[in-house]
Amino acid sequence: MSVTEKNPVIEVRGLKKQYKLGQIGGGTLTHDLQSWWARVRGKEDPNTIIGTDQRLFGQTFMALNGVDLTVYQGEALGIIGRNGAGKSTLLKILSRITAPTEGEIRLKGRVASMLEVGTGFNNEMTGRENIYMNGAILGMTKAEIDAKVDEIIAFSECGDFIDTPVKRYSSGMFVKLAFAVAAHLDSEIMVMDEVLAVGDMKFQQKCLGKMSDVAGQEGRTVLYVSHNMSTIRQLCTRCVVLDKGRVIFDGDVEQAIAIYMDTTDVNVVHYDLKDVSRMNQSAGKRLRLESLDFVGKESSVFADTEKMRIRITWRVSEPFAGVNLKMNLHYRDSTPVGITHPVNLGAAEPGRLYATEFEFDPSLLGEGQYFFYLDIFDGALAQAVCLDKPVTEFAFEVTSADLSMPTWAAGWGRVHFPAVKLLSTETEG
Amino acid sequence: MPNSSKNSGSQGEWTTIIRPRTGWFDIDLRELWRYRDLIVMFVKRNFAVLYKQTILGPAWVLLNPLLTSVLFNVVFGGIAGLSTDGTPSFLFYMAGNTVWTFFSTCINNTANTFVANSQVFGKVYFPRLTTPISQVLTSLINFFIQAAMFVVFWLYFWLTGAQMHLTVWMWALPLVILQVMLLGLGVGIIVSSLTTKYRDLAIAVSFGVQLWMYISPVVYPLSTLGDSPRLAFLMRLNPMTAPVEIFRTATLGTGSADLGMFVYSLVFTAVALFIGVILFSRIEKTFMDTV
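So the protein lines, in turn, are chains A and B.
Just so you know, we're using this note's numbering here: the first sequence kicks off at 1 and counts up by one.
Just so you know, we're using this note's numbering here: the second sequence kicks off at 1001 and counts up by one.
Only chain A is shown next, with the shape it has when bound in the complex (with noise of 0.2 Å):
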């Protein structure tokens, strides 16, 4: 093949998949049967969980509606959307993790993907076991770990405790062994889910610097999903921008992630968070969100004079003394502005449903689109336990009403802070 000519290593046809909402199958035998029998005598079925939406049963829902992509041998392709685009849905099917309803994907080659880092890695088995056990998974041979084994021990910087249970060693060491052997796969494609977002900033650029090198040196295709879009601009060589399951731009980076930004809705003002993903497994298990609104609006615009007030609905399934909630704001680009004060919603026990309104000033932020993801944490600051945090996006937009502020302008970061207190002015001569 000559190098001039593009080499297509994916192929993506027609790519569909339907998930079914409400729920799935009761999951016990017992469960199965009292629920068929509830309908056989036409009464209520028991196992419906009260308060959910009957509406939803049996309704589909398209995660990816037909979704088409060329990419070629030696790019690094960056995909891009909101929550619920279809970015985590597209990765999962093209890792073979789940199949597609319709369509077709076509590969040149072995796929390694890193939906996550470590996956397979066991506590009890040193670092070195690991490498071979996480190699294995990713689907290399012994043969071929032995021959990387010193490379990747080199690049994970854990030479001193390679022989060491990976249970004694601390969450950045065990991120940087599994991303060195994750970098360090042979296979033609790798598919990344913002596994970058964890280990310090000198060993993410680090990682980049990899990235790169395997898709530009080594001539293999890297496919990069991200909400951080400064990492999406180091890495990638084209991007795509996936939205409500279809692919809505695919090209030049700068353009995609301006595209992206624009996506921004906010024209919603109501957000139903009772079957949106959570940030991590155990997140919405013991205190769940179930919905958010912002109060007496029709779009979540605000003046930087206006007071922003906010309601949210919420369960428990233990009692708790008192959870603490604090909001995470970022700028549409997804950098971080800051964080709120954390304040504590009281004491909660099972079986009631607590509407909490509490109000925000933006009158800090300089104008622009925000958003904000909601956590509610237990226990003190320095021991925080995450309870719920959904991946959700609450998207809102600042404009300036203020007649004592200059026009916003680039380079001013996203806050201004009070005006200085004047002291004193003293005058001479």
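Hints are not guaranteed to be accurate.
Said to hold, decoys possible - Only pairs whose alpha carbons sit at most 20 Å apart, straight line, appear in this in silico EDC-like list of lysine to aspartate or glutamate:
#1 B:Lys1044 - A:Glu124
#2 A:Lys167 - A:Glu116
#3 A:Lys389 - A:Glu116
#4 A:Lys274 - B:Asp1289
#5 B:Lys1285 - A:Glu104
#6 B:Lys1285 - A:Glu102
#7 A:Lys297 - A:Asp213
#8 A:Lys244 - B:Asp1289
#9 A:Lys16 - A:Asp243
#10 A:Lys142 - B:Asp1289
#11 A:Lys148 - A:Asp163
#12 A:Lys142 - B:Glu1031
#13 A:Lys16 - B:Asp1289
#14 A:Lys108 - B:Glu1031
#15 A:Lys285 - A:Asp272
#16 A:Lys108 - B:Asp1289
#17 A:Lys148 - A:Glu254
#18 A:Lys307 - A:Asp402
#19 A:Lys285 - A:Asp275
#20 A:Lys142 - A:Glu129
#21 A:Lys244 - A:Asp262
#22 A:Lys244 - B:Glu1013
#23 A:Lys307 - A:Glu367
#24 A:Lys421 - A:Glu393
#25 B:Lys1044 - A:Glu144
#26 B:Lys1044 - A:Glu129
#27 A:Lys206 - A:Asp146
#28 A:Lys6 - B:Glu1031
#29 A:Lys274 - A:Glu393
#30 A:Lys148 - B:Asp1037
#31 A:Lys206 - A:Glu218
#32 A:Lys274 - A:Asp293
#33 A:Lys16 - A:Glu102
#34 B:Lys1044 - A:Asp163
#35 A:Lys108 - A:Asp68
#36 B:Lys1044 - A:Asp146
#37 A:Lys307 - A:Glu357
Simulated from the structure, these hints should not be mistaken for laboratory data.
We have chain A; now place chain B onto it with these hints.
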């Protein structure tokens, strides 16, 4: 299914094609073979997980069947006074128990494949069959260790002049061991496929395996049913009757192994394994959507 025929790049170069779940027998054995190193790693991990942070460590492999054999000897041989076909009762129970333990661990350890590994399965692809296969191989190694202990006791009884002898069925033992393993694998993966929908089946299975032992000639010989032909016939429908009886006939010289029930048992195993693999390969493609 809309099958786009736009070809870019020559057709032959594509190495993998991902399509919606189709067909019944959709399993790539060559791929499974490529992942053989992973199976070895899983076996190593199974041992690491099993014995790290236990007091007696690997001694459990021996202690478990030893204590069970002693218990069977006291309860079924001593108290209940069940026949052991004239062979030393301790060896009789140990023989039955060794084969049965092998079979039951094969089932119990594969029956929860999907549920126990859903975390890993949700994050990375590898042929899912590697997990149950590594489980039965782990059981096989444990079986060899326990069989070695059986040989030691056998030699002791033989030297002290106990009434027993090896028979030609010896030569069938490798096949019997393989069969027990594959039957355990087959039944286990059928259950594991069904547990993705019905979690409570996992509880039922360990209980069911216990009951199964009592309808297999583990604590009594098949010959005790000689005067009840109907019961003896029902016993022979149990695919585990043949392996247990053959193991005893081969090593102790008494038992009612015959070719007919062996062939039946082999056919049963092949069918169970076939159904298991088909169910498993169907479930593995979409179970992540339902967990």
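Hints and how they fare:
The straight-line distance between the Cα atoms of Lys1044 (chain B) and Glu124 (chain A) is roughly 12 Å, inside the 20 Å bound, and the hint therefore holds. Among the hinted pairs, Lys167 (chain A) with Glu116 (chain A) is consistent with the structure: their alpha-carbon atoms are about 18 Å apart, no more than 20 Å. Under the criterion of a C-alpha separation no larger than 20 Å, the hint pairing Lys389 (chain A) with Glu116 (chain A) is consistent with the structure, at around 19 Å. For the given pair, Lys274 (chain A) sits about 18 Å from Asp1289 (chain B) by alpha-carbon distance, which is consistent with the 20 Å threshold.
Restraint check: the Cα-Cα separation between Lys1285 (chain B) and Glu104 (chain A) comes to about 14 Å, which is no more than 20 Å; the hinted pair holds. With a CA separation close to 14 Å, the supplied pair Lys1285 (chain B) and Glu102 (chain A) stays within the 20 Å bound. Between the alpha carbons of Lys297 (chain A) and Asp213 (chain A) the distance comes to roughly 49 Å, so the proposed pair goes past 20 Å and is violated. The suggested pairing of Lys244 (chain A) with Asp1289 (chain B) holds, with an alpha-carbon distance near 19 Å, which does not exceed 20 Å.
Using a Cα cut-off of 20 Å, the hinted pair Lys16 (chain A) and Asp243 (chain A) holds, with the two alpha carbons roughly 14 Å apart. For the hint linking Lys142 (chain A) to Asp1289 (chain B), the alpha-carbon distance of about 32 Å lies beyond 20 Å, and the restraint is violated. At roughly 17 Å between alpha-carbon atoms, Lys148 (chain A) and Asp163 (chain A) fall within 20 Å of each other, so this suggested pair holds. Distance check on the hinted pair: Lys142 (chain A) and Glu1031 (chain B) sit about 15 Å apart at the alpha-carbon level, within 20 Å; holds.
Of the supplied pair hints, the one linking Lys16 (chain A) and Asp1289 (chain B) holds, its CA atoms being roughly 14 Å apart against a limit of 20 Å. Restraint check for Lys108 (chain A) and Glu1031 (chain B): the C-alpha separation of about 15 Å stays at or below 20 Å, so the hint holds. For the proposed pair Lys285 (chain A) and Asp272 (chain A), the alpha carbon gap of about 16 Å is at most 20 Å, so the pair holds. For the given pair, Lys108 (chain A) sits about 26 Å from Asp1289 (chain B) by alpha-carbon distance, which is inconsistent with the 20 Å threshold.
A C-alpha spacing of about 36 Å is found between Lys148 (chain A) and Glu254 (chain A), which places the hinted pair above 20 Å, so the restraint is violated. At roughly 13 Å between alpha-carbon atoms, Lys307 (chain A) and Asp402 (chain A) fall within 20 Å of each other, so this suggested pair holds. Among the hinted pairs, Lys285 (chain A) with Asp275 (chain A) is consistent with the structure: their alpha-carbon atoms are about 12 Å apart, no more than 20 Å. Under the criterion of a C-alpha separation no larger than 20 Å, the hint pairing Lys142 (chain A) with Glu129 (chain A) is consistent with the structure, at around 11 Å.
At most 20 Å may separate the alpha-carbon atoms for a hinted pair to count; Lys244 (chain A) and Asp262 (chain A) meet this at roughly 14 Å. With a C-alpha separation of about 32 Å, the suggested pairing of Lys244 (chain A) with Glu1013 (chain B) is violated against the 20 Å cut-off. At most 20 Å may separate the alpha-carbon atoms for a hinted pair to count; Lys307 (chain A) and Glu367 (chain A) meet this at roughly 15 Å. Proposed proximity of Lys421 (chain A) and Glu393 (chain A) is contradicted: the alpha carbons are some 35 Å apart, above 20 Å.
At most 20 Å may separate the alpha-carbon atoms for a hinted pair to count; Lys1044 (chain B) and Glu144 (chain A) meet this at roughly 18 Å. Distance restraint check for Lys1044 (chain B) and Glu129 (chain A): the Cα-Cα separation of roughly 10 Å lies within the 20 Å cut-off, and the hinted pair is therefore satisfied. Between Lys206 (chain A) and Asp146 (chain A), the direct Cα distance comes to roughly 23 Å. Violation of the 20 Å bound is thereby established for this hinted pair. Distance hint between Lys6 (chain A) and Glu1031 (chain B) is unfulfilled; the C-alpha atoms sit about 29 Å from each other, more than 20 Å.
Under the criterion of a C-alpha separation no larger than 20 Å, the hint pairing Lys274 (chain A) with Glu393 (chain A) is consistent with the structure, at around 15 Å. As the CA atoms of Lys148 (chain A) and Asp1037 (chain B) are separated by approximately 16 Å, the hinted pair is consistent with the 20 Å bound. Using a Cα cut-off of 20 Å, the hinted pair Lys206 (chain A) and Glu218 (chain A) holds, with the two alpha carbons roughly 17 Å apart. Taken as a hint, the Lys274 (chain A) and Asp293 (chain A) pair is honoured in the structure, with Cα atoms around 14 Å apart against an allowance of 20 Å.
With a C-alpha separation of about 5 Å, the suggested pairing of Lys16 (chain A) with Glu102 (chain A) holds against the 20 Å cut-off. Proximity of Lys1044 (chain B) to Asp163 (chain A) is assessed by CA-CA distance (about 16 Å); at most 20 Å being required, the pair is judged to hold. Of the pairs offered as hints, the one joining Lys108 (chain A) and Asp68 (chain A) holds, with about 17 Å between alpha carbons and a cut-off of 20 Å not exceeded. Restraint check: the Cα-Cα separation between Lys1044 (chain B) and Asp146 (chain A) comes to about 17 Å, which is no more than 20 Å; the hinted pair holds.
At roughly 13 Å between alpha-carbon atoms, Lys307 (chain A) and Glu357 (chain A) fall within 20 Å of each other, so this suggested pair holds.
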